[in-house]
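Here is what each chain is made of, one letter per residue.
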Amino acid sequence: MSTEARAGHFPAVDWNGGAFPYRVGHRKLGMWLFIVSDSLTFSALLIGYAYLRASNNWPTPFPFYPSIVFSSVMTFCLLSSSLTMVFGVSASAKGDKAGARKWILATMFFGAAFVVLHLIEWKHLLDEGLRPFFLPEHWAKVFTLADGTPPTALFGATFFAITGLHMFHVATGLIYLAVVAARVKKLKHEDVEISGLYWHFVDLVWMFVFPLIYVLSVDMHGALGH
Amino acid sequence: MSEGNHEGVHRHPAPTGFIRKYIFSLDHKVIGIQYIVLALAAVLVGMIMSLLMRLNLSWPGTSWPILGTLFPGGAPNGVMNPEFYLSLVTMHGTIMVFFVLTTAPQGGFGNYFLPIQIGAEDMAFPLLNMLSFWVTFVGFIVILSAIFLSGAESTVGPIGGWTGYAPLSALGAIAGPGQGMGMNLWIISIAIFCVGSLLGALNFITTLLNMRTKGMSLMRMPLTCWAWFTTAVLALLSFPVLLGGGILLLLDRLAGTSFFIPGGLYVSGVLSGTNPNFPLHTGGSPVVWQHLFWFFGHPEVYIAILPGMGATSHILATFARKPVFGYRAMVFAIFAIGLLGFFVWGHHMFISGMSPYSAIAFSVLTLSIGVPSAVKTFNWLGTLWGGRIRFTTAMLFALGFVSLFVAGGISGLILGQSSLDLAMHDTYIVTGHFHLVMGVASIFGMFSALYFWFPKMFGRFLNESIGKFHFWITFIGVYAIFIPMHIMGIVGMPRRYSQFTEYEFLKGLHPLVVFVSVAAIITILVQFVFYFNVIWSVFKGAKAPDNPWEATTLEWNTSTPPPHDNFAGVLPVVYHGPYEFAVPGAPNDYVMQTDSGVEVTSGNGHNGHRH
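Going line by line, the protein sequences match chains Y and E.
Quick note on numbering: the first sequence equals residues 5 to 230 in our numbering.
Quick note on numbering: the second sequence equals residues 41 to 651 in our numbering.
No lab work stands behind these hints, which were simulated from the structure alone.
No residue lacks a Cβ here, since even glycine has one placed at the ideal position from N, Cα and C.
Incorrect hints may appear among the rest.
[To be verified] Partial pick of chain Y residues on the chain E-facing surface, computed with a CB cut under 10 Å:
1. Leu56
2. Ser59
3. Pro136
4. Pro140
5. Phe164
Modelling step: build the complete structure from the supplied sequences, incorporating the hints.
Below, the structure written as structure tokens:
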């Protein structure tokens with residue numbers, strides 16, 4: 005077959021297959037597709053949350069201090085981890101593998117801090133009496149409407165389900181980053197970049213969870229006497 | 041050239057040991073066959089369940105001694121319990137939809153032929169491919185285990201139907217026999233299946249976008265590839281939503297939450313909150329489950345049928361010896377169907393109490409799917425028009441697909457109107473409708489694909505005489521089963537009831553019910569002839585040459601069966617569209633995609649159309 009001679013005859017209306025000069029690699033495309041699909045899982049949970057919140061008497065029990073301040077610190081940790089990840093990927097792009105490893109370890113430090121703070125917060129709420137299936141008694145009393153409608157126990161269900169799934173993603177990401185950090189000398193730059201994609205995605209999910217779950221649940225009127 | 045095309049990461053040497061070659065294989069061809077075998081096993085289970093359901097519907101109260109021996113709890117003295125029947129409904133639906141209609145068309149034929157048809161050596165992620173099959177296999181084992189471990193002697197699984205509607209599915213054992221452990225196993229199986237499908241979808245999309253060989257532009261791909269690609273996109277976007285819903289449902293059952301459980305429920309004589317077996321639930325909404333389920337469930341219908349549409353287009357063109365009529369329109373129709381499929385889930389919920397205004401929106405969007413569906417149907421007819429048709433078994437099944445798609449789709453126009461659906465939703469017309477259009481049409485697409493590609497896969501033909509016998513009895517049989525169901529539905533026969541003999545207004549229908557059962561028994565018996573044909577032909581069928589059907593696409597360029605890396609080290613270069621039949625001036629009546637010696641001035645695919 006005179007393949008090369010014939011190849012020139014292709015009309016330039018669209019790309020003819022083969023190695024597209026601008027294509028992304030298999031693994032990077034795969035990660036993007038995973039991110040698309042995973043964002044739909046979170047969307048399903050958040051839309052279910054919105055539906056249930058709109059159709060119930062929803063308690064707003066989080067005081068500005070300590071709840072929102074505390075979760076803002078968590079947010080700050082996660083945002084910082086994204087920044088360090090950017091530096092890590094950038095170092096890797098320049099071929100500075102040792103630098104990339106340091107920045108990834110810094111990312112893991114902030115990520116781990118997020119998980120630890122999150123668990124402290126969970127313990128605090130559990131101690132206060134919040135469960136996936138009922139509210140603390142004093143919350144139930146305070147947020148009962150004038151017509152006697154009690155606040156819904158779904159507050160705890162959505163809180164633990166959504167933040168739990170997110171925390172699971174962060175924890176998985178920590179393991180992923182640990183593997184990348186350990187093997188960074190053997191990995192291609194693109195593999196480091198892909199781990200960065202995942203980490204930024206997890207961070208981005210939190211940027212939806214934080215306002216929708218925390219900020220929208222602030223005790224604006226000081227009903228709980230904070 | 042091949043180095044330039046691919047990263048080389050997926051290059052794996054041909055394995056030698058039995059386990060690496062046939063069990064934990066990385067080869068997309070072996071994995072494709074594994075999926076097909078899984079589907080053939082699953083369809084056998086699902087089919088036997090439907091046989092038992094028909095026996096109970098037409099001859100209620102009859103004693104079937106073998107049933108009494110196998111399931112003493114579910115069929116004491118061989119007479120089926122109503123709960124036993126309901127669990128058959130659930131398991132038949134679940135096994136058929138997930139483990140047959142989702143595995144064979146996409147995981148099976150897609151896995152085997154997508155890489156070959158685009159000129160790739162394998163899928164982009166062979167390891168992920170192997171994992172997606174084995175994850176799916178585990179899901180199948182879990183759903184089978186529900187037959188024996190449903191937690192109730194009297195059932196073979198949960199009794200709530202394949203849609204797992206809450207609150208019945210969310211309450212636990214108190215909701216009825218089989219709703220305890222049986223329902224847990226059901227959700228776990230479906231969640232596992234979701235993960236397997238997601239891995240598969242990711243792999244398909246990456247492979248198709250990144251690994252096409254030189255000259256294989258998007259508009260030169262066979263329509264099968266377009267269908268598998270669109271199906272993969274649908275799976276990627278719909279399964280995660282079901283996974284999310286499944287997680288919440290499992291939390292409702294195991295963690296005591298109330299996402300899908302409203303307050304004040306009184307179930308099996310117990311009020312919510314007054315009994316340790318039925319803790320207090322308030323505030324949840326069963327409609328949320330329905331939204332999440334059907335946001336997945338409707339695209340799932342297209343996941344089942346789009347590969348059949350692709351195979352049908354491919355096979356009609358090959359045996360009509362004509363280019364596919366309106367290739368571009370076919371591509372856009374596939375995409376339009378896929379896209380619209382995401383905006384119509386509400387038509388499954390017209391009677392769930394949602395706002396009539398949203399029902400109108402869902403109704404209009406649903407009916408608009410008729411447009412791309414009609415484009416496809418007329419283009420199939422246009423492809424056949426004036427062709428020199430070769431009536432092989434594969435061609436007959438492809439023609440059967442078109443027939444069933446139209447016959448089943450017409451009633452969709454009725455059911456898609458919210459006002460008519462109010463009356464018909466819970467009757468047999470829905471059963472008849474979706475079995476024709478989604479169940480049997482998809483299966484016909486797969487039969488067609490199997491008869492067509494079997495020679496390439498195994499190097500031997502399926503027996504054509506047995507095949508034609510199989511086709512005609514099945515084709516007449518499925519119409520005899522499902523068309524009468526439309527009549528039953530209009531009369532008002534409710535679906536999911538275990539028997540109808542108690543209702544005065546349905547007594548006149550009993551002969552029709554018996555007729556359907558007899559037709560079903562005959563049709564099911566003929567499928568065993570098909571199974572025999574497959575097994576016999578793998579070993580004893582007539583030997584097939586490399587291109588027995590004189591077809592044009594890349595899978596017919598390679599040897600039969602294809603070597604481990606599909607093209608023996610030299611990737612093909614593509615010069616033509618996929619369906620260059622009857623090209624004026626060409627030496628044969630077909631021009632292979634790789635045929636560089638033939639000038640096709642205005643061809644099928646991106647060069648425009650020739651008629």
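Here is what the structure says about each hint:
1. The restraint placing Leu56(Y) at the interface with chain E holds, with a minimum CB-CB distance near 6 Å, inside the 10 Å limit.
2. At a threshold of 10 Å, the smallest CB-CB gap from Ser59(Y) to chain E is about 6 Å, leaving the interface hint in force.
3. The restraint placing Pro136(Y) at the interface with chain E holds, with a minimum CB-CB distance near 5 Å, inside the 10 Å limit.
4. With a least beta-carbon distance of about 15 Å to chain E, the hint placing Pro140(Y) at the interface is violated under the 10 Å criterion.
5. Checking Phe164(Y) against chain E by beta carbon gives a least distance of about 8 Å; that is within 10 Å, so the hint holds.
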